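Visitor: So the chains spell out like this:
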Amino acid sequence: MSIKPVAGENESMNQMLLKRISIPNSADIDVAMAHGAYASVEKAYATRPVDVIDEMKRSGLRGRGGAGFPTGTKWSFAAMDPKMPRYLICNADEGEPGTFKDRFILEQDPHLLIEGMIIAAYAIRAVRGYIYLRGEYPVAFGILNRAIAKAYEKGFLGSNIRGKGVAFDLSVHRGAGAYICGEETSLIESLEGKRGQPRVRPPFPANAGAWGMPTVVNNVETLANVPFVISLGSEAYAQIGSEGSTGTKIFSVSGAVMKPGGYELPMGTTLREIIYTHAGGIRGGRRLKAIIPGGVSTPMLTPDHLDVKMDFNSLLSAGSMLGSGAVIVMDDSTCMVKATAVIARFFEHESCGKCTSCREGTGWLSRIYQRLVAGKGRENDIDVLLDICKKMKGTCFCPLGEGALQPVLSSIRYFRADYERCIRKDGCDAKPCKG
Amino acid sequence: MLSPGVIARIREARRQYPDARAAVLPALHLVQEEAGHLSAEVMGPIAELLDVPESDVFGAATFYALFRWKPGGRHVISVCHNLPCSLLGAESIIEHLSRKLGVAEGQVTEDGRFSFQRIECIGRCDGAPAMLVDDEYHGELTPEKIDELLARYA
Ligand SMILES: Cc1cc2nc3c(=O)[nH]c(=O)nc-3n(C[C@H](O)[C@H](O)[C@H](O)COP(=O)(O)O)c2cc1C
Ligand code: SF4
Ligand code: FES
Numbered sequence: 014m015s016i017k018p019v020a021g022e023n024e025s026m027n028q029m030l031l032k033r034i035s036i037p038n039s040a041d042i043d044v045a046m047a048h049g050a051y052a053s054v055e056k057a058y059a060t061r062p063v064d065v066i067d068e069m070k071r072s073g074l075r076g077r078g079g080a081g082f083p084t085g086t087k088w089s090f091a092a093m094d095p096k097m098p099r100y101l102i103c104n105a106d107e108g109e110p111g112t113f114k115d116r117f118i119l120e121q122d123p124h125l126l127i128e129g130m131i132i133a134a135y136a137i138r139a140v141r142g143y144i145y146l147r148g149e150y151p152v153a154f155g156i157l158n159r160a161i162a163k164a165y166e167k168g169f170l171g172s173n174i175r176g177k178g179v180a181f182d183l184s185v186h187r188g189a190g191a192y193i194c195g196e197e198t199s200l201i202e203s204l205e206g207k208r209g210q211p212r213v214r215p216p217f218p219a220n221a222g223a224w225g226m227p228t229v230v231n232n233v234e235t236l237a238n239v240p241f242v243i244s245l246g247s248e249a250y251a252q253i254g255s256e257g258s259t260g261t262k263i264f265s266v267s268g269a270v271m272k273p274g275g276y277e278l279p280m281g282t283t284l285r286e287i288i289y290t291h292a293g294g295i296r297g298g299r300r301l302k303a304i305i306p307g308g309v310s311t312p313m314l315t316p317d318h319l320d321v322k323m324d325f326n327s328l329l330s331a332g333s334m335l336g337s338g339a340v341i342v343m344d345d346s347t348c349m350v351k352a353t354a355v356i357a358r359f360f361e362h363e364s365c366g367k368c369t370s371c372r373e374g375t376g377w378l379s380r381i382y383q384r385l386v387a388g389k390g391r392e393n394d395i396d397v398l399l400d401i402c403k404k405m406k407g408t409c410f411c412p413l414g415e416g417a418l419q420p421v422l423s424s425i426r427y428f429r430a431d432y433e434r435c436i437r438k439d440g441c442d443a444k445p446c447k448g
Numbered sequence: 013m014l015s016p017g018v019i020a021r022i023r024e025a026r027r028q029y030p031d032a033r034a035a036v037l038p039a040l041h042l043v044q045e046e047a048g049h050l051s052a053e054v055m056g057p058i059a060e061l062l063d064v065p066e067s068d069v070f071g072a073a074t075f076y077a078l079f080r081w082k083p084g085g086r087h088v089i090s091v092c093h094n095l096p097c098s099l100l101g102a103e104s105i106i107e108h109l110s111r112k113l114g115v116a117e118g119q120v121t122e123d124g125r126f127s128f129q130r131i132e133c134i135g136r137c138d139g140a141p142a143m144l145v146d147d148e149y150h151g152e153l154t155p156e157k158i159d160e161l162l163a164r165y166a
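Taken in order, these protein sequences are the chains called A and B. The number in our numbering is simply the position in the first sequence, starting from 1, with 13 added. The number in our numbering is simply the position in the second sequence, starting from 1, with 12 added.
Chain B extracted, bound-state conformation (with noise of 0.2 Å):
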């Protein structure tokens, strides 16, 4: 269930800590890494490798908000809804991109192209509105400056 790539990492990052069972959040970012999304079917082979109880592993996927359970889109757009991004647009923005994408919040586009969903404060209150797309902080977000920005993901 586990490719050895992700199972040698896993190895690599319990090595951090003096208990194996810390290494779980770390599993679990490279599983969802890998795989884009978490699954019941990953529990068992993480706890396994790490030699902690099923229901542990478990319990902590279910309790962080960036774990996700089901596929997202090739690129995932998270927008930020908090307090300085909301007092600046967020809402509008948020209306924008799923009247653009044609998908309601939490949806994957027909293409499988985006999925998008609200995100707590990303820390770039500064240029709120802002946004993650993947990996990349996107701010002063209008709703131009979306359209282009999507254009530029594959």
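The following block holds chain A by itself, in its conformation from the complex (with noise of 0.2 Å):
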């Protein structure tokens, strides 16, 4: 592997998530435990599953996998639910653009996970676990079986887990290259081995999830950080990070800056911290120019948003979001129209085809994309994205097809010049477009 296979250097206090895994051998199940790994599962035994719940919703913790819902209250409906079994599934996806912040935790510090979903297994009283799996991760495959191996051998899966009588079992479901198959349900579909394509809300996974029963899901990170919360106690876990984020985020910043990697910082440190101190600033001496704070379906932002904190509600309030934390960063050599059109294609490539809306507009909104960067752009270009940007609001069945609008409406709001001079040639006469 030729690639780095640390994260960015991070001599933050609150690293938690990823602490072990500059040790080597950190996937290491002797290894990990010998830096405390599984110390957790007997603290929260010692509790009712009620307990833990509560202590969870306690902390404060919030979802990392982009929607950001409280995790104890999720785990709650589930396990008010009276149908059994119930089914706890770890959202392995990782398919936002630009994020490879669960990667970390997958290749190197799996026990970590497993220690997370055994707790929340524990709360919710569910006998059976998934993993799923992207199919593009072959590598965090490998080591999950492994890791899952070994953590039945030390009896802490199975059927009589650590001699307390508590029962879970846990495997890997590999994706095969669908970013739609990180939508919980269409994920649960997928599992099922079905195409995956979403299922109408309501009734939810916590109440019909997998094989119509009670089924959490939960993005690595979330789960990553509940051994955490229990280890500490909610108390002193929801002292770290800022109003309405408690905890820490792991950032996966790439693009234009000197230091790409994943970093892991308390909630709201703001995007010139991160950028600036952490990601070592923008390559080749160039200027910023655009940031997409949370991942390709999260709405841009500029240099006047450095000062915004990275956390669920600032970035609300800026007009973006968190979703998944993964900070692209684009110089004053980037056009913004051909980045868009990147986007763009993404979007088309993965729309499920399962509404018209999405299914016809990601296809429009490219098409246009496409012929922007070829050098044919029309006087009137501008005037149909947005058209077709106000058709798709509101009319997708999915949050996929109202994501794909994001960088669209967000880039023709901050950049509108970039769509200029792309369409009027003036000061831009590649053909086609070098970006």
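If you are wondering where the hints come from, they were derived from the structure by calculation, not from laboratory data. Please read these numbers as outputs of a predicted model, since none were measured by experiment. Take the hints with a grain of salt, since some may be wrong.
Chain B side only, calculated, beta carbon under 10 Å to chain A, not exhaustive [said to hold, decoys possible]: (1) 16; (2) 17; (3) 18; (4) 20; (5) 28; (6) 64; (7) 75; (8) 81; (9) 82; (10) 92; (11) 132; (12) 139.
The C-beta atom is built at its ideal place from N, Cα and C for all residues, glycine as well.
Hints are included, so try docking the two chains, each in its own frame, into the full complex.
Guide: Given below as structure tokens:
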């Protein structure tokens, strides 16, 4: 593997989730256990499932998969549903372009994830769990399978965990290349062996998920936080982070920065600190032009937003979203028409085809962008793009379609001049577009 | 049509689920791993083995981007062309590969050694531009680095 195997250096005192990955062989169960892995299981087992759920609620932990739903509340919905068996699914689809945070845990600290899943399963009384892993993570697949086998050997999985009479079985289910399968109901369809297309909600997975049974779907990073909530206690945990967003967040920083990487920092760290202090600032002495704060489906921001705090509420106030925390940085050499064209093509490719609005709309958007970057822009293209967005808004079956609009709307809003230059060939006569 | 080894592994995978249909994706992966690609001919045997309608197997198999329907090269190169990689030169990497291998995207080289295709983000954006060769990641690609890398694959 020629890619550096560790996350960006990080001296932060608040590092929890990525603490172990700098230790050699951190994926090995003995190494992990020598550094605290599985210690929280017995602590959780010493309390009742409902106490674990209450502890999660008090911690303020919100889902790291994109929607930011409070984890304890989600668990309580499943736990209140009398149907059995219940399922626990880890969403390891990590499909939002720009995101690679879960990879660190999956490849380098799988036992942290398994530990979190054991506790989550106990809380909701699930006896069966699956890790839905994207097909593009073949290395993680091998590592997770070995880690699960070792966890069985040590008695952390199986029919009588650590002699406490608790049962939980776990295996990995591999996806096969479909961004939509990160959406939880599509993921469940895909787990069941079907085409990964979303289901109508409600009913929500907490009540009717996998095989119609109560199911909790949580992101890798969310589940990796669980052992820390238990070991630190909810009160201490809630001290970390910012208003409405407790804990740390692993930011995946990519694009035009000196040091791309995964940086675990307290929720509420500013974009400025992430980009300039941790990721080393902009490459090649260039100037910052645009920032996508949470993966390609979140609205773009500009250098004016550098002091925005990276947490759920602050990004909403700034007109964007935390999403997966994938910070994609673009410098002043980037044409935003070209950049948005790449994203539009992605959404066209990934639209699952279930609803007309998204299936046709993402195609229209993408075709206009491909024409623009081919140097064949038309005078009314901006209006047509905006009109398509207007028609798609609120008419898509699932959030993928809505996500596809965000880069279009935000890039037109902040970088209209790029579009005009592209269309009028004013100062840009590259044909085809060189970006 | 399915080898005894694959049949045994599909049966083993099936035990992970309360319902046989869930083993369709694992089965398709296993078949592709052995044969290099899927084909219409394997849909029936998979369906029979798991006792699900053939159309359901076919429906799933045609939904996912990572399932291939024609033979790839001995080594399959998948170059990421999503935004972070694109910002750092993915398109010129793709051009270079195409020139170097003498084939267009989706095609197999004459000696059967390589085929190459585009892929969406592979979660290696910190090493952009990045690609997968079979199950191995390579990042911070440059034309020189690619030349050097290709020489390592027989
Ligand atoms: C199109 C789309 C793609 C998504 N992709 C992912 C993903 O790759 N990983 C993930 O954890 N959540 C993803 N989600 C969010 C999930 O639907 C779900 O909210 C999440 O897994 C819940 O876990 P959490 O509460 O721990 O965040 C996606 C949602 C949508 C609409
Ligand atoms: S919005 Fe797009 S991805 Fe979602 S159901 Fe409709 S076509 Fe499928
Ligand atoms: S965009 Fe290429 S690996 Fe993520």
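Visitor: For each hint, tell me whether it holds in the structure or not.
Guide: Comparing the hints with the structure gives:
1. 16: Given a least distance of 22 Å, the restraint on residue 16 of chain B is violated.
2. 17: violated, 18 Å
3. 18: At about 15 Å, which exceeds the 10 Å cut-off, the nearest Cβ of chain A leaves the hint on residue 18 of chain B violated.
4. 20: violated, 17 Å
5. 28: holds, 5 Å
6. 64: Residue 64 of chain B check passes; min Cβ-Cβ to chain A is 7 Å, inside 10 Å.
7. 75: The hint holds - residue 75 of chain B has a Cβ within 10 Å of chain A, the shortest such distance being about 4 Å.
8. 81: Status violated, d = 13 Å.
9. 82: violated, 16 Å
10. 92: Since chain A brings a Cβ to about 9 Å from residue 92 of chain B, closer than 10 Å, the hint holds.
11. 132: holds, 6 Å
12. 139: holds, 4 Å
The earlier numbered hints that this structure contradicts are 1, 2, 3, 4, 8 and 9.
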